[in-house]
Amino acid sequence: MGDVEHIPKELKLIDESGVRLDGRRYDELRPIRIEAGVLKKADGSAYIEWGNNKVLAAVYGPREAHPRHLQDPAKALVQCRYNMAPFSVTERKRPGPDRRSVEISKVISEAFASVVFVEQFPRTSVDIFIEVLQADAGTRCAGLTAASVALADAGIPMRDLVTSCASGKIGGVVALDLNKDEDNFGEADCPMAIVPRTGEIVLLQMDGHLTVDEFERAMDLSIVATKGIYELQRDALRRRYSAMAEQAMEAPPPPPIPSELPPPPDMPEDELPEVDDL
Amino acid sequence: MGDVEHIPKELKLIDESGVRLDGRRYDELRPIRIEAGVLKKADGSAYIEWGNNKVLAAVYGPREAHPRHLQDPAKALVQCRYNMAPFSVTERKRPGPDRRSVEISKVISEAFASVVFVEQFPRTSVDIFIEVLQADAGTRCAGLTAASVALADAGIPMRDLVTSCASGKIGGVVALDLNKDEDNFGEADCPMAIVPRTGEIVLLQMDGHLTVDEFERAMDLSIVATKGIYELQRDALRRRYSAMAEQAMEAPPPPPIPSELPPPPDMPEDELPEVDDL
Amino acid sequence: MGDVEHIPKELKLIDESGVRLDGRRYDELRPIRIEAGVLKKADGSAYIEWGNNKVLAAVYGPREAHPRHLQDPAKALVQCRYNMAPFSVTERKRPGPDRRSVEISKVISEAFASVVFVEQFPRTSVDIFIEVLQADAGTRCAGLTAASVALADAGIPMRDLVTSCASGKIGGVVALDLNKDEDNFGEADCPMAIVPRTGEIVLLQMDGHLTVDEFERAMDLSIVATKGIYELQRDALRRRYSAMAEQAMEAPPPPPIPSELPPPPDMPEDELPEVDDL
Amino acid sequence: MTAVVISELMREHINRLAASGKRSDGRVFDEPRSLTVHKNYIKTAEGSARVQLGNTDVLVGVKIDVGEPYADTPNQGVLTTSAELIPMASPNFESGPPSPTAIELARVVDRGIRETKTVNTEKLCITPKEKVWIMFIDIHALDYDGNLFDAASYGALSALSCAIVPASKIGKADYPLPLEHWPISVTSAKIGSSIVVDPNLDEERIADARLTVTTDENGDVRAMQKGLKGSFNLEEVRGAIRTSQRVGRTLREVIQQG
Amino acid sequence: MTAVVISELMREHINRLAASGKRSDGRVFDEPRSLTVHKNYIKTAEGSARVQLGNTDVLVGVKIDVGEPYADTPNQGVLTTSAELIPMASPNFESGPPSPTAIELARVVDRGIRETKTVNTEKLCITPKEKVWIMFIDIHALDYDGNLFDAASYGALSALSCAIVPASKIGKADYPLPLEHWPISVTSAKIGSSIVVDPNLDEERIADARLTVTTDENGDVRAMQKGLKGSFNLEEVRGAIRTSQRVGRTLREVIQQG
Amino acid sequence: MTAVVISELMREHINRLAASGKRSDGRVFDEPRSLTVHKNYIKTAEGSARVQLGNTDVLVGVKIDVGEPYADTPNQGVLTTSAELIPMASPNFESGPPSPTAIELARVVDRGIRETKTVNTEKLCITPKEKVWIMFIDIHALDYDGNLFDAASYGALSALSCAIVPASKIGKADYPLPLEHWPISVTSAKIGSSIVVDPNLDEERIADARLTVTTDENGDVRAMQKGLKGSFNLEEVRGAIRTSQRVGRTLREVIQQG
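Chains as they are written, first to last, in our numbering: chain R, 1 to 278; chain B, 1 to 278; chain Y, 1 to 278; chain X, 1 to 258; chain U, 1 to 258; chain L, 1 to 258.
If you're looking for bench data, these hints aren't it; they were derived computationally from the structure. A few of these clues could be false.
What the hints assert, rightly or not - Per the computed footprint, the stretches of chain X lying under chain B, defined by three or more beta-carbons under 8 Å from a beta-carbon of chain B, are: (1) 44 to 51; (2) 54 to 67; (3) 188 to 196; (4) 208 to 220.
Stated by the list, open to error - Residues of chain L placed beyond 10 Å of chain Y at every Cβ, according to the derived structure: (5) 15; (6) 75; (7) 88; (8) 129; (9) 208; (10) 218.
What the hints assert, rightly or not - Below, in silico cross-link-like pairs of lysine to aspartate or glutamate (EDC-like), each with a Cα-Cα straight-line distance of 20 Å or less: (11) Y/75 x U/94; (12) R/106 x U/94; (13) X/169 x L/72; (14) Y/40 x L/72; (15) X/229 x R/160; (16) L/229 x B/181; (17) R/40 x U/202.
Built from N, CA and C at the ideal position, the CB exists for glycine as well.
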C-alpha cells in the first residue's frame, strides 16, 4: 500500500475486541469537520478536517477556459488539481505534481464531470483546487468531499453533492476509513465516491487483496458512512448561507467601487433548488 | 564511436581471411527483412529487421500542422521523430528524447524534405515516427529505410524512395554495415542515405578516421548496397499492394459506419506513378 | 552574501590606512570601460568591463511581442534576460536560468520600465539581453549600466540613461563597489540604479547588516559614483555616434540589396534629443 | 491529446447496436477480442512480450539491473512501471512528457502487479540495504484500438513471466524472475445501459464509464480503477467483477502458455 | 500570470482617496492590516504557522531533515526557501513551475532570514563536513489580497520560532530551533505621491513602486527590495525605513507572542 | 526559432551572383571570411577563445574540473560540449532549452574534437575508476552571421589549445591540456549549382544543402555532417573534402598562432 517507513512486524492494527489503534471500531469514521466559504478570492471554498487530514478546496468558474484550444464548444470542462503541500507529509514532498497527484487529479475531475451541469456553460472551465495541508491517509476522499461543498459554495449548478469515503482491510478485518498506519500496514484500501441520493458511484479505486465478499462488505461500510458525511456537507452549506444572510442584513451596502470581478454566470434560477434542499 | 561497455583490447574485428566476427565478408550486409503496412492506425507503416535491429516506422499525414505558427503557407513540413524504446539497448534508456535522438530526428527530417512533393500540401505536416525496438548499430539507416516504405504505404507523393546504409572501418579494413561491436571498437562509421536512381545524397554523416581514399571505398560499398536494399523496399511495397488487392476482392464491402478518418488528401492522380513503378 | 569558497577567517578586507585588498580606497570605483555598438545583429549593443567583470548587453526592438497574449495594447513591454555564461564563474554554472538570474532579470526589467517611453510602441516588446562573460561581483550593476547604453544605441526613446552602482560594508567600513572577495566576506551589499539627472531610484536591493546611518553613507557613495559612470556612458555613445558619422561619410552607399530588417519604428523626431544631449 | 471529434452518427450507431445486444465488431457483450502473445520479442530486454488484443498492439519490455532498495524495504527488489503513449500508435497521441492518461495507465498496471505480489521481491535482494534487483517495466503502445489498460497489463505479466534475472552480471547464475501470481485485469465499459467487456476504440470513445477489475487465480480482487466521466451503480460493479473473474480465467491460460 | 485589467475607475478612486489622505479600507497611510498568527498549525511539519494579514492568508511550513552541508560552510546547517503561488489563492495565479514573482518572493523572504542570521546555523551541525540539519521553508499562499512579501515573511519567522529540531531521529533529544534574531519586513507602496504601508491588493495593483525594508530588533536594516516599475527618491526611501522600524516593532511583538 | 521570411528578391540576387561566380560580400567561392582568434579571453575559464569569422562572433570557454570517469573508460578524462544559441546573437534565436539546431551544433563540434582524439584523455586520469578531469566546452554565440559550425569549432579548438589543467587544486602542478591534433572543420553550402565555402547568413538562408567536413593535419577525414533539405552528389562531396583540406591548412595556422 502506501510508503512504509518502519515495519513493526508484530503491529496489531485491530485487537481481539475489535478496537483499532486509534480506539475506533471497524465501522467508525474519524472525526470530520467541514466549513464552507473559508477563502475570500475563490468563487467557492471549503475546509475539511478529517482525522488528522487538513484539506482546503477552492473553486473558480465557470470562467473562460484557456488555452483556447482546450475549450469545448458544447460544455464546460471540469478540471481538478490535487496538490500536496511540501510539509503535509513526514518526508518533505518536492513542490509540484508527481505521478500520484496527476492520477488523483484525473479521477476526481472525472468524478465531478457527470454531476455538474456542464452543458450550461460552454467554452468555460470549472476549476477545482484541492490543497492537502496535512495528510494522514484518505486525502483524496477528504479533498473530494470538500471540493463538493466548494462547488456548491461557488453556486455551480449540480445534480447533487458528491460524497467520498474509503474502506479497507486491516489485520484481516474489513474496516472503514483507514488512517495512515492502517493504510501502510493493512491489506487493502478501496476509496469510492458516490452521489448519495441516486447511488451512482463516480469514483472507485482499490488496491490490495479482497475476496468478493470482503469487497461487498467494504462497499457497504462506505455507503453507510457517506450518508452521514453528506449530512455534514449539507450542514456546512447551511451554516454558510445563514452567515451570508446575516452579513447581508448587518453590513452597510458595499461602497460603489467598480468591481473587477466578472458578472456572475447566467444561471437559470430554477436550477438552484437542485443543489440546495439543504 | 558508440558507448563501449567492455574493452577487449585484443578483439579482432576481422580476421586474416577477411571474415568478420559474425561471419560476414567486408562487403556483406546483415540480413534485412522489410514488411509494409504493419500498423492499423497509422496512414502508412513499415517494419524492418536489419541484423539484430528491429525498427518500426509509421507515417501520419499530410495533416494540419500544429501548433499553427509552425505551418508553412507554401508547403508541407516533413517532421521525423526518431525514438528508442527504453528496453532497446543493453543499459535501459530513460524514456523521452536525448540529444542523440534529437540530432537523428533532424537529419532524417532533412533527408526526406527534398523527396516528398511538399508543395502539394501547404500548411500540413507529414509526420514520420521511427521507433527502435531493438538496437544493434545502424538504427538510423534501418529507420530511414523503413520510413521511406511507410511514406509510400501512406500514399505520400515522392520523387523516389530514399535508401540508407552505412560503411565504416574495422581492424584497418573498410567494411559495409557495421554491427554494434564493430561500431564500438572500429575506427570509423559513415552512414548515408541516397536517392538510388539519381545518386542524390540526402544524408551524410561520418565520424572516426578515414583517409580520402578509404572514404571513397566506403561510399562505394554503401552505394552498391543501397541498390539491393532499394529492391527490398520495392518488394515490400509490391507485397503490400498485392495483399491489399486480394483483401479488396475477398472482403465484403465495409459497413456503412461513418468514418472518423479525414478524407484522403487531394492528390493528383498523375503523381502516383512517380513512386510506384515497383 | 555570495557563495564563499574558502573562509580565510583572518582576511582583512581593508587595512588600518584604509586601503582595500586590490589597493582601492573606500570611495574608489574599479576601472570601468564602456563601448557602444559592438554587435552587428542586435539593434543596439554595448560592452562593459568593470574591474574583472566582462558583460555584453544587446537590445532588440521595439518588435512585435510574442506570444501574443502578452502584448499590451497600451504600451511596449520592457523585458530583460540576464544570463551568466557557464564559464563566467569559478565553478561552472549550468546553462539556463537559475533562481538568481530570474530575480535579477525581473528587477532590471522594472528599472527600465519607467524610463523608456513605452506608450509610443503599443503591442511591442523592447528586449534587453545581458550576458555575463566573466564575473567578479557587481554584474547586475555592470549589466544594467551597459544595457542603458545599448538601449540608446538602439535608438529607443528614453527620458534619460539609467546608471547603476553598489556600495556595501567591509571590515566595518562602508565602501564603494565591492569586488568578489569583498562581497563574499563583507557585511553588506546594496546595489542601486538611478536616473542621475532626477535622482529617481529605479532599482534598490540590500542584504547584510547596515545601520541607518551606514545605509545613508552607502547611498551617498553610490550616488556620487553614478555621476562619473553616467559620463562614461555618455562618452561611449558620443564615440559611437562619431564612428557612425565617419563611416557614413567614408563608406560607399550600401548595395541595393533588399533588406530583411523591419523598417525602423516610427519614432517622433523630437523625442530623440531626450536621450542624446551627449 | 487533441480533442477528438466523434460524429454523432457513430455514437448513435453503436448505441443502437448495444440496445439490441450487438457490438460493432460482432462480439457479444462479455467477449474479449482475441489475444495473441509473443514472448521474448526483444533480445536486449531481460523479458519482453508483444501482445495483440484485437488491433491494439503493445510491446512491453522488462529491464533488470542492480540498484539500491528503498529504505523501508531493505530486503526487497524494486518494481517501477512507465508507459509511453507514442504518437506512432494513434493520431491522438502526442510526443512530450507523459500525459495524465499515460500516467494513470502505468500506475494501474503497476498496482495490478504490485498488489498481487506477482513477483516475489524478497528473492530479488542481493545485499540487504545495499543492493537489490530493480525491474523496469516499460509499456510501449504501438497501435491503439482501445483498452490499453488490459493490453498493457497482459503485456507486463507476459514479459515478467519470461524474464531472466541477469545474475551472471554479479558472478552468479542467471535465474528466471520468481513469479508467484497471475493477476489478470479485465475492463468493462458502460455504453448507455449496456456493459461490454474489452471495449474497442470506437466503443471506448463513446463509453460513459470504464471499470478495470484485476483478479487473481482465486478470483479475489486485487485492484480496481473506475474511469471516464460517467458512473456505475453497485450492481453494475458486481457484474464487472464477475465478468473479470470469468474472462480472466480464459486469458490467464493464454498468457501462461504464450 | 495573466494580465490583469484594472479599470481606470478603480485607479482614479484609489488615487483620489490617497490624495486626500485616505485608503480604500479606511486605514491611515502608515497603518498595517491586522495580523493574526496561528503557530504549529501543521503537525507533519517541524514548525509551521498560518498567518493572516488582513485578507491575505499564508501558510508556512518548516521541514527539518538530515543532509549534507555546503562545502564552504562545513559546520553550518542549511536554509532553503521556496514559494508556491498556487492557483487556489488568486484567479491570476497559474499552476506550473515557479513564476518570476514566486521566485522573487522566496528569495526576498530567504534573504531577510539569512542575512539577519535569524537561525544560528552553527548549532545545526551534526558531523562537520558530513551531516547537518537542513531547513526547508515552504511558503504556501492560500488567499491573496496583496503584500505577500510581508505575510510570507511573518509566516516564515513564526514557523521558525516554533520549530523543533527532530534530533530524536539521530538518537538525541529534540530541541527548539535556535533563533537569535527577529527580522521584520515592512513593505511600502507608492501611489501617486503618497506612500502607504502594507498595500492591499487593490492598492498593490495600481501602485507605481514598492519598497520592502527588513529591520531587526535594533532598528538596523537587514534587507531591502524595491519592486514595480516606478521609482523612489532618496527621501522616500528614508521614510520607508523609518516606517519599517516603527511598524516592525509592533508586529514583532505579535509574532513573538503568536 | 521563429520562421524566417526571406524575400524572394534576396534569393534571386544571391542566386544570380552565384551563377556569375560572385558572392554578395565579394569573396570567391572557396574563400572563407577572415578569421581572428583571441585566446584566453576569459579569466574564470581554464581555457577560452573569442573567435570572429567575418561578422560571426563566438565565445568558447573550457572549464576543467574533477569528476568521475565513465565506467567503460576508467583511465580517461571526459569531454562534454554544450551550445547556447542565446537570443542576443540573432533575432531568430529564442531563450529556452537547446533547440535541435543548438544540439546538432554541439554534437558536431564535439565529434570533430573527440574523433580526432584532439585531447589525449588518457593524460587526464587522476585515479583510475575514481577521479579524472572533466572538460566542459561551452559554446556561446554572440553575433550570428552564418556558419556557426565552423566558428564554434575554431573557438573550441582555440580554447582547448590554451587551456590549463588546474592540477594545483589537487596538490600538483598545473599543466597545459595535452593537445595532440588540430582538426579543422570547413563548411560548404550549395546554392543552386554553385558550392561556396563558409557561407554568410544570407547565403546560409537560401542554401539548398550544407556539408561540414573536418580534416586533420594529414588531410584525413575525421567528421562529416550534411545538413539542410537539399542533396549533394558524390562528386560534390569530393569537392567539399578537397576544399576542406585546402582551406583547413590555412585556418589551422591562424588558430595555432592565435
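Structure-based check of each hint:
Three residues within the 8 Å Cβ limit are the bar, and the region 44 to 51 of chain X against chain B gives 3, so the coverage statement holds. Here's how the region 54 to 67 of chain X fares: 7 of its residues keep a CB closer than 8 Å to some CB of chain B, so the rule of at least three is met and the hint holds. Note: the region 188 to 196 of chain X has 0 residues with beta-carbon separation from chain B under 8 Å; the three-residue rule is not met and the coverage is violated. Check on the region 208 to 220 of chain X: 0 of its residues sit with their Cβ under 8 Å from a Cβ of chain B, so the three-residue criterion for coverage is violated.
Every CB of chain Y lies more than 10 Å from the CB of residue 15 of chain L, the least distance being 13 Å, so the non-interface label holds. With a least CB separation of 23 Å from chain Y, residue 75 of chain L remains clear of the 10 Å interface cut-off, as annotated. Once the 10 Å rule is applied to beta carbons, residue 88 of chain L is inconsistent with being away from chain Y; the minimum gap is 4 Å. For residue 129 of chain L, the shortest C-beta to C-beta distance to chain Y comes to about 23 Å, beyond the 10 Å cut-off, and the non-interface label holds.
Every Cβ of chain Y is farther than 10 Å from the Cβ of residue 208 of chain L; the closest lies at roughly 19 Å, confirming the non-interface assignment. With a cut of 10 Å on Cβ distances, residue 218 of chain L stays outside the contact zone with chain Y, its closest approach being about 31 Å. Pair hint residue 75 of chain Y plus residue 94 of chain U does not hold up; C-alpha atoms about 24 Å apart against a cutoff of 20 Å. In summary, the hint linking residue 106 of chain R to residue 94 of chain U is supported, as the alpha carbons are separated by about 18 Å, within the 20 Å threshold.
Among the hinted pairs, residue 169 of chain X with residue 72 of chain L is consistent with the structure: their alpha-carbon atoms are about 15 Å apart, no more than 20 Å. Using a Cα cut-off of 20 Å, the hinted pair residue 40 of chain Y and residue 72 of chain L is violated, with the two alpha carbons roughly 45 Å apart. The hinted pair formed by residue 229 of chain X and residue 160 of chain R meets the criterion: a straight-line CA distance of about 15 Å does not exceed 20 Å. For a cut-off of 20 Å, the pair hint linking residue 229 of chain L to residue 181 of chain B is broken: about 32 Å separates their Cα positions.
Taken as a hint, the residue 40 of chain R and residue 202 of chain U pair is honoured in the structure, with Cα atoms around 14 Å apart against an allowance of 20 Å.
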